[in-house]
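K.L.:
Sequence:
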Amino acid sequence: MIVCRGKVREEFYDADGNKTAEFVLEAGGECPGIQVPMGQYHTLVCLEDGSVIFEAKDRAYDPEGTEDFL
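Note that the working numbering has the sequence shown beginning at 908, numbered continuously upward.
Worth flagging that the hints you see were computed from the coordinates, not collected in a lab. Backbone N, C-alpha and C define an ideal beta-carbon position, used for all residues, glycine too. Honestly, I wouldn't trust all of these hints.
[Said to hold, decoys possible] Pairwise CB distance ranges (calculated):
1. Gly957 with Asp921: 26 to 34 Å
2. Ala922 with Asp956: 19 to 27 Å
3. Asp956 with Glu918: 17 to 25 Å
4. Met945 with Arg912: 36 to 44 Å
5. Glu962 with Lys926: 31 to 39 Å
6. Ala922 with Lys964: 20 to 28 Å
7. Gly936 with Glu971: 31 to 39 Å
8. Leu951 with Ala922: 14 to 22 Å
9. Gly935 with Arg966: 24 to 32 Å
10. Asp921 with Asp956: 24 to 32 Å
11. Gly936 with Asp969: 31 to 39 Å
12. Glu918 with Lys964: 14 to 22 Å
13. Val959 with Glu937: 13 to 21 Å
14. Gly935 with Glu971: 23 to 31 Å
The whole structure should be built from the sequences, with the hints applied where relevant.
P.N.:
This is the structure we're talking about:
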């Protein structure tokens, strides 16, 4: 995931919902992107209005896959 504009915080969680890590990502900053490991519970928090991200997956999109559902 790459931040194209603005600033966000990526948060990682374990299976029990405990936050295990967080990363502040900023377009043009020291850390503009991150690779989220497959199977990692995570969320994204927008820190600046108008922030834009680009996210890519390493496989074809499957609308029936469970990854996209809570």
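K.L.:
Give a verdict on every hint.
P.N.:
Quick rundown of the hints versus the structure:
With their beta carbons about 32 Å apart, Gly957 and Asp921 fall inside the hinted range of 26 to 34 Å. A hinted range of 19 to 27 Å is violated for the C-beta pair Ala922 and Asp956, which are about 33 Å apart. A hinted range of 17 to 25 Å for the beta carbons of Asp956 and Glu918 is consistent with their spacing of about 19 Å. Distance hint check: the CB atoms of Met945 and Arg912 are about 26 Å apart, inconsistent with the given range 36 to 44 Å.
Under the hint 31 to 39 Å, the C-beta atoms of Glu962 and Lys926, about 20 Å apart, miss the expected range. Checked against the hint of 20 to 28 Å, the C-beta distance between Ala922 and Lys964 comes to roughly 21 Å, which is consistent with it. Look at Gly936 against Glu971: about 37 Å separates their beta carbons, and that is inside 31 to 39 Å. A hinted range of 14 to 22 Å holds for the C-beta pair Leu951 and Ala922, which are about 19 Å apart.
At roughly 29 Å, the beta-carbon separation of Gly935 and Arg966 lies within the given 24 to 32 Å, and the hint holds. The given range of 24 to 32 Å is respected by Asp921 and Asp956, whose C-beta atoms sit roughly 30 Å from each other. About 33 Å separates the C-beta atoms of Gly936 and Asp969, a value consistent with the hinted range of 31 to 39 Å. Between Glu918 and Lys964 the Cβ separation comes to about 19 Å, which falls inside the hinted range of 14 to 22 Å.
Restraint check, Val959 to Glu937: a C-beta distance of roughly 19 Å satisfies the suggested window 13 to 21 Å. The hinted range of 23 to 31 Å is not satisfied by Gly935 and Glu971, whose Cβ atoms lie roughly 37 Å apart.
Hint compliance for this structure: hints 2, 4, 5 and 14 are broken, all remaining hints hold.
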